[in-house]
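Since chain A is already given, all that's left is putting chain B on it; use the hints.
Residues per chain are reported as follows:
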Amino acid sequence: MPKDLSTHGSDILKEKIFNGDLPAYELLFKQNYPVLKKYAAKLIRNPQAAEEIASDVLISIWKKRHELPQITFFRAYLYRSVRNACLNFLRAEKRPLDEGLSDDIADLSTPETLLLNSELNLRIQKAVLGLPPKCKACFSLVKEEGLSYKEAAQILGISPKTVDAQLIIALRKIIDVLRTA
Amino acid sequence: MNSLLFEELLARQFFGTITPEEKEQLEFIITTDPQKQYQYRVLEEWMQKKQGADTATDELWQAHYQKHKALFDDVPQNRRTIINIKYIKWLAAAACVVLMIGVGWVYFTTKKEMVFYSTANNEQRTICLPDNSMAVLNANSSVTYDAGSFNKANRTLQMTGEVYFDVQKKKVPFLVNVENITIRVLGTAFNVKAYKNQKEIETSLYRGKIEMVLKGGNQKTDKKITLLPNKKVSVLRNSETLAETAGQKNTDIKVSSLTQDSYNGKAISRDTAWLQRQLLLNNQSFASFAQDLTNRYGKKIIIKDPEVAAYIYSGSIPMVSIEKVLNALSSIQSFHYKIENNDVIINK
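Just so you know, the protein sequences line up as chains A and B, in that order.
Once you know that position 70 of the first sequence is 70 in the numbering used here, the rest is easy, because the numbers rise by one and skip nothing.
Once you know that position 69 of the second sequence is 69 in the numbering used here, the rest is easy, because the numbers rise by one and skip nothing.
So here's chain A without its partners, still in its complex pose (with noise of 0.2 Å):
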């Protein structure tokens, strides 16, 4: 099969990066640390200490960097390290994981969006916001994220069969939302 563009190219990072090359270390931490931090940020709700996870979760590429080759799914091993490094955080300050997508709720609070988005965007993202955890957690990986099936599966630990059911509950619930309107 085809690597896609995006994993190949992460394939030669990583390759550089196990030798030692500064700049392509650089180039990971620009690429990774908005997304990672903004992931980071939807879990905790801690926009400090999710720039500190991002943070911490690059510097240990570079750190762990001989066992780099070891590493298949670069991508998702980010997002599962900040994933897990989150799951240590809210454990410590005794908080239950919420699947994230916090960003929307922001949107849906600021008059601007409330212009923009129509009342059935609004529906939408009420749905996306009601369902179940599992369900989100897959839902933000692959939309709001954009990995693939693959990388979800690694990053949860299930089976890409299971994101790709957990999606279209999604979908289903997103729809009986549009039905109803």
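The set of hints was computed from the structure by calculation and includes no laboratory data.
Errors might be hidden in some of the hints.
Stated by the list, open to error - Mimicking DSBU-like on lysine-lysine, the simulated pairs with C-alpha atoms at most 35 Å apart in a straight line are:
id : chain 1 : residue 1 : chain 2 : residue 2
1  : A       : Lys38     : B       : Lys324
2  : A       : Lys16     : B       : Lys69
3  : A       : Lys14     : B       : Lys324
4  : B       : Lys299    : A       : Lys64
To be verified - Footprint (simulated), chain B over chain A, 3 or more residues, beta carbon under 8 Å:
id : segment
5  : 56 to 62
6  : 66 to 75
7  : 155 to 168
8  : 171 to 179
Just so it is clear, CB atoms sit at the ideal spot from N, CA and C, and this is done for glycine as well.
Coordinates of chain B only, in the frame set by chain A:
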């Protein structure tokens, strides 16, 4: 058409796994059912609102770089530098000045500047020493040297745990001190395994030649061993008996040949499989390699069932988490395990 299929088709369409046949099917549904067409359009518009993939700014990178600067400074040798020929004279002149200052510096400052590297449970770390030699630390290991004199007056370091060295050839001998043993080399690759909870200190040589000195209190009782490639020396950890038996027939020191196994088509030794994060087993009983797991993960392995302790394993297992390793082992020959704080209790 049933509506379950419609949702499945939508999921595949939006998440990019749709096949041409499925796409045709979806288009058929959309064109024949106005309500579904409407649902599709609304969803399509909404799905397209993805977050923009922004990249981090230089300021963010600089902040990150400054915060972890120490980690970026020990980048190993393979950094490429391109020097413009035009400036080479100036560079040479500058180098001379730097050299002179440097020589003076070494003469006049003999300050100790100890550098310490260590690893935690299940951590591996590669460090580049000031002389460009490489040291790979296995889990729960450490290397200490004096940066003030290393690669200047000497190349001496102390270690604990397990470390693989690949030493650059230089006139100054490279000395590794581990407990009562000094290993003296010029340019070679070798592995030293000296975890405190093991009876023996094992040194395996892959290239070149090394000389080991077992200190026995004074020069007379010191014992020297020269090791040739693909040989391993195991020294029993007991300095007193060493001192007594030095010079006589010594049963505390064993020399054996390294066993080669193949992994991914390449021949590797069981003693350095850890570099590839592999646990390589060749007809070994569970009891015999349980210690390796303890060294790696910092958890004591207690095998309660003698039958399980005698299980024989062959093959290679990636050393990821201790759970994964134990799961792999128990899937080959069944046993149950329980992890309690720092103990792993194994039952049939």
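Now the hints, each set against the structure:
1. Restraint check: the Cα-Cα separation between Lys38 of chain A and Lys324 of chain B comes to about 30 Å, which is no more than 35 Å; the hinted pair holds.
2. Between Lys16 of chain A and Lys69 of chain B the CA atoms are separated by roughly 19 Å; this keeps the pair inside 35 Å, and the hint holds.
3. Our distance criterion of 35 Å between C-alpha atoms is met by Lys14 of chain A and Lys324 of chain B, whose separation comes to about 24 Å.
4. For the proposed pair Lys299 of chain B and Lys64 of chain A, the alpha carbon gap of about 22 Å is at most 35 Å, so the pair holds.
5. Coverage of the segment 56 to 62 of chain A by chain B holds [criterion: at least 3 residues with CB-CB distance below 8 Å; count 3].
6. Given as covered by chain B, the segment 66 to 75 of chain A passes the check, having 3 residues with a CB less than 8 Å from a CB of that chain where 3 are the minimum.
7. Counting residues of the segment 155 to 168 of chain A whose beta carbon lies closer than 8 Å to any beta carbon of chain B gives 3, which reaches the threshold of three, so the coverage claim holds.
8. Restraint check on the segment 171 to 179 of chain A versus chain B: 6 residues with Cβ-Cβ distances below 8 Å, three needed, restraint holds.
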